[in-house]
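Engineer: Sequence:
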Amino acid sequence: MLKTLQKGKHDMPNKLPKILYIDDEEWNLTAFRFMFRDEFEVLTADDTDTAEAILNEHLDIDVVISDQRMPEETGVQFFERMRPRLSTTERIILTGYSDIDAVIGAINRAGVYFYLRKPWQEEEVRLVLRNAIDSVRMHRRLIRQEETLRLIEDNVNDVIARTDLEGNYLYISPSIQHVSGYAPEEVVGHAISEFMHPEDVQKRMDTQFETRLTKEAQTIVYRFRHKHGHYVWIEASVQAVWKDDKIITDVITVSRDITERKAAEQKIEFLAYHDALTELPNRLLVRDRVRQAIAGAEREKSKVALLFLDLDNFKTVNDSLGHTTGDVLLKAVAKRLKECVRGSDTLSRQGGDEFLIVMPGLESPEAAAPVLDKIRDHIQHPFEIDGNELMTSVSIGVALYPDNGRDFDTLLKKADTAMYRAKEHGRNTYRFFDAQMNVNAVEHLNFRNGLRRALECDEFVLHYQPQIELASGTLIGAEALLRWQHPDLGLVPPGRFIPVAEDSGLIVTIGEWVLREACRQAASWPKCSGAAVGVAVNLSAVQFKRGNLEKAVLDALEASGLDPARLELELTESILIRDTEEVLATVRQLKALGVKLSIDDFGTGYSSLSYLKRFDVDKLKIDQSFVRDMATDPEDEVIVRTIIQMAQSLDLRTIAEGVETEQMLSHLKLFHCDEVQGFHIARPMPAGDFVRFIVGG
46 MLKTLQKGKH DMPNKLPKIL YIDDEEWNLT AFRFMFRDEF EVLTADDTDT AEAILNEHLD
106 IDVVISDQRM PEETGVQFFE RMRPRLSTTE RIILTGYSDI DAVIGAINRA GVYFYLRKPW
166 QEEEVRLVLR NAIDSVRMHR RLIRQEETLR LIEDNVNDVI ARTDLEGNYL YISPSIQHVS
226 GYAPEEVVGH AISEFMHPED VQKRMDTQFE TRLTKEAQTI VYRFRHKHGH YVWIEASVQA
286 VWKDDKIITD VITVSRDITE RKAAEQKIEF LAYHDALTEL PNRLLVRDRV RQAIAGAERE
346 KSKVALLFLD LDNFKTVNDS LGHTTGDVLL KAVAKRLKEC VRGSDTLSRQ GGDEFLIVMP
406 GLESPEAAAP VLDKIRDHIQ HPFEIDGNEL MTSVSIGVAL YPDNGRDFDT LLKKADTAMY
466 RAKEHGRNTY RFFDAQMNVN AVEHLNFRNG LRRALECDEF VLHYQPQIEL ASGTLIGAEA
526 LLRWQHPDLG LVPPGRFIPV AEDSGLIVTI GEWVLREACR QAASWPKCSG AAVGVAVNLS
586 AVQFKRGNLE KAVLDALEAS GLDPARLELE LTESILIRDT EEVLATVRQL KALGVKLSID
646 DFGTGYSSLS YLKRFDVDKL KIDQSFVRDM ATDPEDEVIV RTIIQMAQSL DLRTIAEGVE
706 TEQMLSHLKL FHCDEVQGFH IARPMPAGDF VRFIVGG
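With the working numbering applied, the sequence shown covers 46 to 742.
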């Protein structure tokens, strides 16, 4: 059935280029019509029979785009069958990677102008369509001119030339000066080979020979040297002039400058095999490089290393400073990585903050070590971006051919596994794949699936670590700490499963459970020294991005009846530093509920006085890494004292975590810290034990 996009009220009739799009998926047709509704008159067909009827009715269609995989016949088969009808219409094929070889082989047979890989990108399609429209209209114009004018009286914008059989210019039109910078008299008398790129001379000779054999015009694309030294791309129609149909007297060419079109085509080709942000080879190109490297290794009996690189803490940069800064950092990292690899290596961006490096011709695994060490050293130095000094590092997994696999997909999977093992060992390091990692990868997958079961089977429990007011020694609250009571592994600490929960998005559901359970249990706690005991709950950045946090907190408070003033929500600096209106609105909504807000691990992230005032927080939680070493490290002592003094000046309370000795406690008393928690006070304990702790005073 014919479907035509309705034009806007300001569109003039018959002025827009006309496109026919063929696809058997209605969603694709709808999306195409919507995207290009203002630029083209779009006709669509969901099968080739309908498309043929449209072509017979609309003789002025500029471009036909067809999906390769159609029920009745392939796109290429349809174009082959309709080729006589489409002589003045450009044809474009949409194809998946699995069809690419068949499509490429049939391009000449079907007269296909270009092919696009699926899923197609709007800007890429737009660029190809505009070039195709330019091409088809140029072709139609030439046909009309050839029907009405003699060849030498053609369009004055084209370059008309006459050469003898040796390729010497006998005549050239004035338009040559616009194209090449040469005046006609500077060209006539010279051989065309003097101006052509050396690599194209033989192609020109072959074309001239072909036109003698067939007596038909031949088309050639070649590079012509501009007077200023650079080359312009020329598309020329070459036609031999016959006398009495027996003797060739000379050769006529009609040429045009296609430099801009060629640049656009080269850009499209480049983007098909390169990452748009860093301009590094993409996964498609690196796959081919691995294939070539393996072929070379088979001949030379050498090894190939595939390195899988992942930036450490890149997500924090994106969340805190925004994607624009993240993109600038990725380009800076790519630049440094280029400085680390060998000339024979291929550096590729896999996507996100992941990179691949192909290292061919290695005699042993150890031969990759110098590059690996150089990468670690270069990346860990600070990056200066938009006035910020950003720190990152890189975790690298290495898989070897033939030791770990004999094809790209296998090597990639095992390098990925090794990279995650590197992250588990402290980051900013590398690991070579070994068989045990495969076992660990399976365990990791099982671990992830187990989290879903834990929610369904009530395997999560809360432990509580007491928080003491330092001046009075009174219990004033507790931090709710999530534990997983695994049926096989026993009690699993959060450090092992929270990252997996955040990656999978389960942290939102788990976080809502923690809020409900912590509020429910806290509502039943007895008073301590006549005062109600509060509860502190950690929030993940993922809950801010994906969850309806205000509703989750409100539901937990209403269901439990807990006084909002007894609930403290601990936020990370990475949440607040984003400083978006969305984050600010969420924080204000939470404050409006009457809950308290504290900043967890203060001083370890992008600390800023501005967001302390902007977000109206109540408390700063001093990270245990500073507290632990302040008795022996003067710098940490200064940091702790400075944080406390700053908080006091801003009328904020402070709490120190990780207090494990009497010496730490004495220092914190001396600095007038408000609250403390840590093993020296009490270890985290189950809910029942904490109730007894309250009663015991």
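Take the hints with a grain of salt, since some may be wrong.
Said to hold, decoys possible - Keeping only pairs whose Cα atoms sit at most 30 Å apart, straight-line, the calculated DSS-like set for lysine-lysine is: (1) LYS312 to LYS260; (2) LYS312 to LYS348; (3) LYS380 to LYS360; (4) LYS163 to LYS348; (5) LYS360 to LYS63; (6) LYS248 to LYS291; (7) LYS260 to LYS291; (8) LYS307 to LYS348; (9) LYS163 to LYS307; (10) LYS572 to LYS590; (11) LYS60 to LYS288; (12) LYS636 to LYS596; (13) LYS596 to LYS641; (14) LYS63 to LYS458; (15) LYS248 to LYS60; (16) LYS291 to LYS348; (17) LYS346 to LYS312; (18) LYS376 to LYS458.
None of these hints come from the bench; they were simulated from the model. This one's a predicted model, so the numbers in the text were calculated from it and none came from an experiment.
Engineer: Look at each hint and say if it fits the structure.
Structural biologist: Here is how each hint holds up against the structure:
1. About 36 Å separates the Cα atoms of LYS312 and LYS260, which puts this hinted pair outside 30 Å; it is violated.
2. For the hint linking LYS312 to LYS348, the alpha-carbon distance of about 34 Å lies beyond 30 Å, and the restraint is violated.
3. Distance hint between LYS380 and LYS360 is fulfilled; the C-alpha atoms sit about 20 Å from each other, no more than 30 Å.
4. In summary, the hint linking LYS163 to LYS348 is not supported, as the alpha carbons are separated by about 34 Å, beyond the 30 Å threshold.
5. Between LYS360 and LYS63 the CA atoms are separated by roughly 45 Å; this puts the pair beyond 30 Å, and the hint is violated.
6. A threshold of 30 Å between alpha carbons decides the hint, and for LYS248 with LYS291 the separation of about 25 Å falls inside it, so the pair holds.
7. Between LYS260 and LYS291 the alpha-carbon distance is near 10 Å, which keeps this suggested pair within the 30 Å criterion.
8. Restraint check for LYS307 and LYS348: the C-alpha separation of about 39 Å exceeds 30 Å, so the hint is violated.
9. Taking the CA atoms of LYS163 and LYS307, the gap is about 23 Å. The hint holds against a cut of 30 Å.
10. Between LYS572 and LYS590 the CA atoms are separated by roughly 36 Å; this puts the pair beyond 30 Å, and the hint is violated.
11. Taking the CA atoms of LYS60 and LYS288, the gap is near 44 Å; set against the 30 Å cutoff, the hint is violated.
12. In summary, the hint linking LYS636 to LYS596 is supported, as the alpha carbons are separated by about 13 Å, within the 30 Å threshold.
13. Restraint check: the Cα-Cα separation between LYS596 and LYS641 comes to about 16 Å, which is no more than 30 Å; the hinted pair holds.
14. Of the supplied pair hints, the one linking LYS63 and LYS458 is violated, its CA atoms being roughly 46 Å apart against a limit of 30 Å.
15. Our distance criterion of 30 Å between C-alpha atoms is broken by LYS248 and LYS60, whose separation comes to about 39 Å.
16. Under the criterion of a C-alpha separation no larger than 30 Å, the hint pairing LYS291 with LYS348 is inconsistent with the structure, at around 63 Å.
17. A threshold of 30 Å between alpha carbons decides the hint, and for LYS346 with LYS312 the separation of about 37 Å lies outside it, so the pair is violated.
18. Simply put, LYS376 and LYS458 have alpha-carbon atoms about 25 Å apart, close enough for the 30 Å limit, and the pair holds.
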